[in-house]
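Trainee: So you can see what is in the structure, the chains are spelled out below.
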Amino acid sequence: MRKGLQDRNTTAFSMTGGGGDWIRRLGTGLLYAALTIMLILFMAPVYGAIATAFKSQAEVAAGGYWTPPSNLAGENFARVMDPEQGNLGLYLGNSLLLTIPASIFSIALGTLAGYGLGKYNFRGDGLLFIFIVAGMFLPPQIALIPVFRLMNDIGLYDTIYAVIIIHTAFGIPICTLVMRNFFQIVPNALREAALIDGANEYKIFFRIMLPLTLPALAVLATLQFTWIWNDFLWPFILTQKADSRTIMVGILNLTGQYTVDWGGQAAASLIGSLPTLFIFVFFQRYFIRGLTLGAVKG
Amino acid sequence: MLRRHPWVLPASFLLLPLLVYFAFVILPTLNSLYYSFTDWVGYGDDFNFVGLANFEKIFTDRLFGNAIKNTAIWLALAMTAPTGFGLVLALALQGKRRINTIYKSLFYLPICLSPIIIGIIWVWLYSPKLGIVNIFLRAIGQDHLATAWLANPNTALYAVFVAWAWQQTGLNMVIFLAGLTSVPTPLVEAAKVDGANYWQTLRQVVIPMLRPATVVVFALTAINALKSFEVIWVMTMGGPFNKSDTLAVFMYSESFRKFKMGYGSSAAVVLFLMTMVIIALYFRQTSKAEELYD
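Here the protein sequences line up with chains G and U, keeping their order. Counting in numbering that gives the first Met the number 0, the first sequence runs from 0 upward without gaps. Counting in numbering that gives the first Met the number 0, the second sequence runs from 0 upward without gaps.
One chain only, chain U, in its complex shape (with noise of 0.2 Å):
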């Protein structure tokens, strides 16, 4: 459709970006994988070319081991709850009615706020005493669940992951409504003419439509899920007894709290190679999604 063009043209224009884009996000995740070889402190030059060795370590750490669990736990969590619930939200309410434009904003409103705002208040909701979770839950007569929900090792994962799939919800309703516009209103309509019900319709038309948007929530809340610290570190910093440290939060305690930057370094190459497999099924996924609708 356009001419071929000398490169100087293009390049005028892309020289200055590419430059930034280099140095400040291409360089330093080069050297973070560099520094994975190293046992550098956090200061001075003085470090040592250590090989593999903080892989070998790492696989062996405990503190590696949990933070890998909890990461597959808020991983398999993030895929299914805010997902599904955005879902559903969506599906309620798509159209016009003025009722759904209210209502659609105030679903959407977490994703303005930054976590450690969120942070910050579902620490209140959660506060043993005065909190509105266990005031709720002595309203209703179950005295015994009402716990110290971010101290308690067996429901601090859990509860902060509640706070996060707060904003996360949003989100994911608001791709799912850009997905719904683009689901043909004749083809809906057919399928109605031939004595489709809604579930057959959802099933069969609208599921299948929403495809693209159903890949990007996913891997958009996988991506998400992976590098989520703000909240976490707000809430619980990871604790009690590491119980809600996921892998974002233990590179973060091994580098810049006890300065094994070489170690943290290692800890943020094993994120990034999991984050790597995420965009590359992404990929993969929108090339087949087009050549469906191609």
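Pulled out of the complex, with its shape left as it was, chain G reads as follows (with noise of 0.2 Å):
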């Protein structure tokens, strides 16, 4: 479960392995080729977005989706950040100062629930466990009409905190799972030691044994920052004006204002796509890690 993707594989098992040494390299060219043209029709979509954020609506309606863009104008970005038009800025922050804190408020919760199920036996353990992440696989749709009520009823309906709470309770499950498994496999020595050096239980918890868990803070935060930042029916139910808009609803937003305008909608997609991918190019040892949890025993 702990392995990345690239550690010790398996190069016995490989579609080219058989038969003699040029069949074995025509083997392998081919199936190169295949790759890379699944790969090319693939990646279409996204250097089409990446080409019309650069293109005027003229050079779209000329060339459609296509053709590279003839210069590098950053005018449809301008635009769509603009206050009075796209406003994107404005739906940034907002979404920044919801999925920062949701984040850390899931993290730090789950942690303690994971410390809890992870360090101490009592009865009742396991099947508190698996109540908690049963969370995880919970439609939302079950959610959202208690919750939209229960926000008009606190007063938080249409702020930005109504989404923050809600993604700190809907992140419990994961950050649970991850935690506790991470504690399971911490020594037991470790808090012994320290327990007859006369530490109390919550020095240890805080003094020890969190800055063991920073791999695993790093797998959950990787993942929690990418489900919120890209979340959109929470905040669409939750929120209307655009003060408390996040950048996924003001993103759809747009396609609605400007029916037509391809460039403004591929930069503003753009934008909103940059903190994700930037955990993609630099952090994603972390996701996938987080990505595969369960996937294989041990």
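Keep in mind the hints are simulated off the structure, nothing from the lab. Heads up, a few of these hints could be off.
[Unchecked claim] Derived pair list, reagent style SDA-like, types lysine to any residue, alpha-carbon separation capped at 25 Å: (1) U:K95 to G:L276; (2) U:K257 to G:L276; (3) U:K128 to U:D142; (4) U:K95 to G:L25; (5) G:K240 to U:V40.
[Claimed, not checked] Cβ pair distances, simulated, as ranges: (6) U:N153 to G:I39: 42 to 52 Å; (7) U:A22 to G:I39: 43 to 53 Å; (8) U:D38 to G:Q239: 22 to 32 Å.
[What the hints assert, rightly or not] Over the 10 Å line for every Cβ pair with chain G, so calculated as not near, a few chain U residues: (9) V49; (10) G50; (11) F54; (12) R61; (13) N65; (14) L112; (15) Q141; (16) N241.
We put the beta carbon where it would ideally sit given N, CA and C, even for glycine.
Using the hints, build the complex out of the two chains.
Mentor: Written as structure tokens, this is what we have:
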């Protein structure tokens, strides 16, 4: 479970393993030719979005989606960021104000729960663990209406706080799962030695255990940031006015506002994807480790 | 391994997270069940308990039947195309070759994009005049196949599905790749020594060893398929003529566009129960897999 993609791998089992030398080379060549064609088809949408972001409306209409942009004008970007027009700056700020606290809170609560379940035995601990982790699989639809009503009743409807609270709560299952599995493999000798030295349980948690959790925290930070940043349904249900709008809701609104502004939509999509693409480039290892939790026994 | 502790200690760690989880996840879920027995319209406290009336109505609602049908199609497609394609990519790209690392990254890139952005990008691809799909069809002389993919009632659901599958395939590939790292090399080499060819090794050794990963892929795909809303909403809003209206979209439209919150809750409950069936199957399969390997 904790092995990254690049680690230890089977070289014995390969699609092009059998046959003589030239057959093997031909096989490898054909395999990569097929893979490359697939990859080009697979990446075409991304290429199109990037190319379109730099094109004027006239250029889009004339050249369509395919052609490279004639120059690297940032006009589309300026327009969607302009407070008088696209106003994406405001929505980006709102999304940061949502994503950072909600990630921190869900990870903090998951760390507490994971420690309680991973390091202590008590009656019903297994059942409690399943009860919490099951929340990971709940479709958000089952909670939409009651949460909508609850946020209205406590006066948080149409504020970013409502979305922070709900993402914190819905992040608890995955964070608890990761942290509990992590704490289970931390040797008990550490804790017992500290107890003998006279440290109390909370001191052990904060001074000894927490510093050890950094890799697990990195996994969760990349996962939670990506989910919450990209989420649309909750802010769509829980907010209305521009002042509390998140980036994904803002981008969709933009498509309603300028129905044929392909360049603007493409520029907005690029801007809105930058934070998660940053994680993709620099923290891929942690992100993938989080995605593949439970895929492999161990 | 650990001696038993008084409950005070674990409780002091668990109390706060459990409180938040209970208040904002469990209570709303239970409340949905409650609302599904009422005729609440979205505001005020003035609503009636109507018993099973919503469920009686929903199972005779033509639109609900349509949503169930579309959800079933969506689910059936999801369990085959992105899962199979994900497995093939994982098998082709496993190993440490440098080019594999780059290819893997690119196939997995769509996972970090928001479904909203995926929807927006694919709407352009399907655009009748300027979209790449029709440009391509015209270029290869198949003009008669070019259509308004998202406005054509016969193609809308499938066109939206392809956009969704674009993201799901990369996720499945990543999970299968992780599963492949747990296939022991000596086992594969032994099969080779015994004279097994690639397909024999794949069928007799690798696929059985991939079972835990396969179970995760199928469960995750099914759950993601059932709750997928965003891509459909951006691309077609369930149209044209409700042809791409799945259960998740139906639930949203009834609740937040028609403000039939009680009725919408009963749709949410149906969706919830379908998810529960998948989770139950998943837990059964994982415990079976564990028996197999322990």
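Trainee: State for each hint whether it applies.
Mentor: Hint-by-hint comparison with the structure:
{"no.": "1", "hint": "U:K95 to G:L276", "in the structure": "holds (23 Å)"}
{"no.": "2", "hint": "U:K257 to G:L276", "in the structure": "violated (37 Å)"}
{"no.": "3", "hint": "U:K128 to U:D142", "in the structure": "holds (12 Å)"}
{"no.": "4", "hint": "U:K95 to G:L25", "in the structure": "holds (20 Å)"}
{"no.": "5", "hint": "G:K240 to U:V40", "in the structure": "holds (22 Å)"}
{"no.": "6", "hint": "U:N153 to G:I39: 42 to 52 Å", "in the structure": "violated (28 Å)"}
{"no.": "7", "hint": "U:A22 to G:I39: 43 to 53 Å", "in the structure": "holds (49 Å)"}
{"no.": "8", "hint": "U:D38 to G:Q239: 22 to 32 Å", "in the structure": "holds (25 Å)"}
{"no.": "9", "hint": "V49", "in the structure": "holds (15 Å)"}
{"no.": "10", "hint": "G50", "in the structure": "holds (18 Å)"}
{"no.": "11", "hint": "F54", "in the structure": "holds (15 Å)"}
{"no.": "12", "hint": "R61", "in the structure": "holds (21 Å)"}
{"no.": "13", "hint": "N65", "in the structure": "holds (17 Å)"}
{"no.": "14", "hint": "L112", "in the structure": "violated (6 Å)"}
{"no.": "15", "hint": "Q141", "in the structure": "holds (16 Å)"}
{"no.": "16", "hint": "N241", "in the structure": "holds (18 Å)"}
Going down the numbered hints, you'll see the structure goes against 2, 6, 14, while the others check out.
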